[in-house]
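Per full-length UniProt numbering, the very first residue in the sequence shown carries number 1; after that it's consecutive.
Read the hints as simulated data drawn from the structure, not as lab findings.
Note that the coordinates shown come from a computational prediction; the quantities given were computed from them, not determined experimentally.
Note that beta-carbon positions come from the ideal geometry of N, C-alpha and C, so glycine has one too.
Incorrect hints may have been included.
As the list claims (entries may be wrong) - DEER-style ranges, computed between Cβ atoms:
#1 112 to 163: 32 to 38 Å
#2 95 to 222: 17 to 23 Å
#3 20 to 105: 48 to 54 Å
#4 155 to 184: 40 to 46 Å
#5 232 to 65: 30 to 36 Å
#6 20 to 111: 50 to 56 Å
#7 134 to 184: 31 to 37 Å
#8 112 to 20: 16 to 22 Å
#9 12 to 73: 26 to 32 Å
#10 40 to 66: 21 to 27 Å
Unchecked claim - Lysine-lysine pairs mimicking DSS-like chemistry, simulated, CA-CA at most 25 Å apart:
#11 71 to 94
#12 153 to 78
#13 78 to 94
#14 153 to 244
#15 151 to 244
#16 78 to 97
#17 151 to 241
#18 97 to 71
#19 78 to 103
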Amino acid sequence: MDAGQSESGKGQTVEFEIVGIFSGKKQEKFTGLSSDFSENQVFTDYESSQTLLGNSEPQVSAARFYVENPKEMDGLMKQVENLALESQGYQVEKENKAFEQIKDSVATFQTFLTIFLYGMLIAGAGALILVLSLWLRERVYEVGILLALGKGKSSIFLQFCLEVVLVSLGALLPSFIAGNAITSYLLQTVLASGDQASLQDTLAKASSLSTSLLSFAESYVFLLLIGCLSVALCFVFLFRKSPKEILSSIS
């Protein structure tokens, strides 16, 4: 590469080692300069850039900082203003146009995802209650025998709840993988338009593993509560009868 932006660097050739080639999607607007194309962009460290520019002393023309949470932007800008950097010759600007462009889409996606989640929970709860009711109905004879042998009602109820928990453990990993895959697909579908496509990777990173695990844990606890309540609802009507009445009703 030729160093030619300073008098001391003109006519010099600086050699660099290419350690990798980046790839990805970027929708760019052509302004007439070939330097605007992503194919002509080079990422390098600060020291190498100063060597290429031929600067005798390190200089900075621009610095860009990122925030993890866009809601913290205004608070950080106030802190920067208190530093009085403009009086030292610096110009501070807030660049959040990309976030503003996708904010409405993200809000729509969150609303859609919330409705979808509640719908799935209600449908799943209804199906779970139906399945558990049929499952317990087939085991009425077993409950009658256990009661006749003197086993406590609370012990029988806890046994059935434990069986529900053990069965649900087998579905943990498949449901977690399927949930993440569906969420990623919905996210890409909603945001795959215009300049928003360039922000899909950023939004995907925002959906961190810790957040996914927390949401999944909340859903799993809700599932267990529905399961235990379904068992309790069935046993409320069953425990009203004596063991003799239960066994005689079957025969």
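Status of the hints after comparison with the structure:
1. 112 to 163: 32 to 38 Å: Holds, since residue 112 and residue 163 (Cβ atoms, about 36 Å apart) stay within the stated range.
2. 95 to 222: 17 to 23 Å: Once the Cβ atoms are compared, 40 Å apart, the range 17 to 23 Å for residue 222 and residue 95 is violated.
3. 20 to 105: 48 to 54 Å: violated (32 Å)
4. 155 to 184: 40 to 46 Å: Because 44 Å falls inside the window, the suggested range holds.
5. 232 to 65: 30 to 36 Å: violated (54 Å)
6. 20 to 111: 50 to 56 Å: Once the Cβ atoms are compared, 40 Å apart, the range 50 to 56 Å for residue 111 and residue 20 is violated.
7. 134 to 184: 31 to 37 Å: holds (35 Å)
8. 112 to 20: 16 to 22 Å: With Cβ atoms ~38 Å apart, the hint is violated.
9. 12 to 73: 26 to 32 Å: Roughly 41 Å apart at Cβ, these two residues miss the hinted range, so it is violated.
10. 40 to 66: 21 to 27 Å: holds (23 Å)
11. 71 to 94: holds (13 Å)
12. 153 to 78: Not OK: residue 153 and residue 78 at ~63 Å, beyond 25 Å, violated.
13. 78 to 94: holds (11 Å)
14. 153 to 244: Satisfied, since the Cα-Cα distance of roughly 15 Å is no more than 25 Å.
15. 151 to 244: Given that 25 Å is the threshold and the Cα spacing comes to 14 Å, the pair holds.
16. 78 to 97: Between residue 78 and residue 97 the Cα gap is close to 19 Å, so the pair holds against 25 Å.
17. 151 to 241: holds (15 Å)
18. 97 to 71: holds (14 Å)
19. 78 to 103: holds (22 Å)
In summary, the structure is inconsistent with hints 2, 3, 5, 6, 8, 9 and 12 from the numbered list given earlier, while agreeing with the others.
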